[in-house]
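Chains as they are written, first to last, in the working numbering: chain S, 21 to 220; chain G, 21 to 220.
Mixed in with the good hints there might be a few duds.
All copies of an identical chain are treated as equivalent in the list; a pair is satisfied when it fits inside any one copy or across any two copies.
Said to hold, decoys possible - Subject to a maximum C-alpha distance of 30 Å in a straight line, what follows is the list of computed BS3-like cross-link-like pairs (lysine-lysine):
| id | residue 1 | residue 2 |
| --- | --- | --- |
| 1 | Lys77 | Lys169 |
| 2 | Lys185 | Lys169 |
| 3 | Lys97 | Lys178 |
| 4 | Lys137 | Lys217 |
| 5 | Lys77 | Lys185 |
| 6 | Lys97 | Lys77 |
| 7 | Lys217 | Lys97 |
| 8 | Lys185 | Lys217 |
| 9 | Lys97 | Lys185 |
| 10 | Lys178 | Lys77 |
| 11 | Lys120 | Lys217 |
| 12 | Lys97 | Lys169 |
| 13 | Lys178 | Lys137 |
| 14 | Lys137 | Lys185 |
Don't read these hints as lab results, they were simulated from the structure. Note that the structure is predicted; figures quoted are calculated from it, not measured.
In case you want the letters, here they are:
Protein chains: 2
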Amino acid sequence: MAVTEMTDTLDTVKTAPESGYTTSDGPPPNYFRIDFLLRLLLLVSAVISLVVLVTSKESEVIAVLPQPFGAIIRDAKFNYSPAFIYLVVALGVASLYSIKTMIFSCAVMSRPAPSAKILFGLIIFDILMAAIMASAVGTAGGIGYLGLKGNSHTNWVKFCDIYGKFCRHVAASIILSLFASIILVLLVVLSAYSLYKRSN
Amino acid sequence: MAVTEMTDTLDTVKTAPESGYTTSDGPPPNYFRIDFLLRLLLLVSAVISLVVLVTSKESEVIAVLPQPFGAIIRDAKFNYSPAFIYLVVALGVASLYSIKTMIFSCAVMSRPAPSAKILFGLIIFDILMAAIMASAVGTAGGIGYLGLKGNSHTNWVKFCDIYGKFCRHVAASIILSLFASIILVLLVVLSAYSLYKRSN
């Protein structure tokens, strides 16, 4: 009998101006177009950052005493430091995550009003991803800064004066990763705003 | 089952007073009691972490060649490393932030249904604080790990075998800061859940 009838009535009641929504302009807004664009930006920045970091290898001839015989070739590679390995892993996870959620975002985009459950779920995953990325940027940033400035108290010498190309790659990668972290924070804010608009 | 459920919802919507809520069980839930407790935990962990980090100073007699004349006293202090200074600043900001929002949370606790705007505002500030704390934990963790393990590729020697007390303090502080970051993430999830419950 009346299942469809009832659903229809329910829909009518729900979309009627005097019902649940205090705003009169129909269903709650769907911000999944902006969501999709932000996730695309996240993917692009994470992938570029990953490539820049992985291709940062640099070989330099280091003079060693006694001269003129002492000279060795030493590399600088991202995987010599656990901090940069952590950033590479975080960027890889963020890239895969952005692809997965982009597909999801694309599927939800056309719906008139995606369920609040979806938005809540996205907030949880986005904030976890944002926290991981922020900590990875912090870790790599700390080691990168040490490479640039050194630390006289612990006798940790800087290496950026020798490995210029490596440091430029690392710096570019960290800036792009920071950008990716900011996008993840914005994604949480966007989903929260969408929920906020629905609860008005 | 579905039909009765639907009828119930329909009845509720039909008979609900013109309050704007579509659910039958009165005003949306108020989770500010949990919010307050989480902020109290945040304050406690941030303050303890701050005190542990600031009191980490250790002086050690270091033998220097040529022996037996060479012996100097060298300190290990948190402010010798920009990473630990960053963590101290982040913890200080988090402590002040938790006090401010605790007062706010306390004021809102008694209201039957705090406005969605308040929850959205809290999400924005909480996620910014969470990102700052996560990056600070990452930075300090990276430097702490370097102190523990060293890095043979860059000739950065570990110092935790000499400055044991300093390293224990730093490790305890980092673990507590990580705990504080997790609480901040939980606070965002709680506010988002509250918004989600309201939008149902």
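Hint check results:
Taking the closest pair of Cα atoms, Lys77 and Lys169 come within 30 Å of each other both inside a single copy (20 Å) and across two copies (23 Å). Proximity of Lys185 and Lys169 under a CA criterion of 30 Å is satisfied in both settings, with 16 Å inside one chain copy and 26 Å between copies. For the identical chains of this complex, Lys97 and Lys178 are neighbours both inside a copy (15 Å) and across copies (20 Å), given an alpha-carbon limit of 30 Å. Both within a single protomer and between protomers do Lys137 and Lys217 lie at most 30 Å apart by alpha-carbon distance, with minima of 14 Å and 9 Å respectively.
For the homomeric pair Lys77 and Lys185, the shortest alpha-carbon distance inside one copy (8 Å) is at most 30 Å, but the shortest distance between copies (37 Å) is not. In this assembly of identical chains, the alpha carbons of Lys97 and Lys77 lie at most 30 Å apart only when taken from the same copy (5 Å versus 34 Å across copies). Taking CA atoms no more than 30 Å apart as the test, Lys217 paired with Lys97 passes in neither setting, with 48 Å inside one copy and 49 Å between copies. In this assembly of identical chains, the alpha carbons of Lys185 and Lys217 never lie at most 30 Å apart, being 48 Å within a copy and 52 Å across copies at closest.
For a Cα distance limit of 30 Å, the shortest separation of Lys97 from Lys185 inside one copy, 11 Å, qualifies, whereas the shortest one across copies, 33 Å, does not. For a Cα distance limit of 30 Å, the shortest separation of Lys178 from Lys77 qualifies both inside one copy, at 17 Å, and across copies, at 24 Å. In this assembly of identical chains, Lys120 and Lys217 lie within 30 Å of each other by CA distance both inside one copy and across copies; the values are 25 Å within and 26 Å between. When the C-alpha separation of Lys97 and Lys169 is checked against a cutoff of 30 Å, the pair qualifies both within a copy, at 18 Å, and between copies, at 18 Å.
Neither within a single protomer nor between protomers do Lys178 and Lys137 lie at most 30 Å apart by alpha-carbon distance, with minima of 49 Å and 48 Å respectively. Taking the shortest Cα distances, Lys137 and Lys185 never come within 30 Å of each other, neither inside one copy (47 Å) nor across copies (48 Å).
In terms of the numbered hints stated before, the structure departs from hints 7, 8, 13 and 14, listed from lowest to highest.
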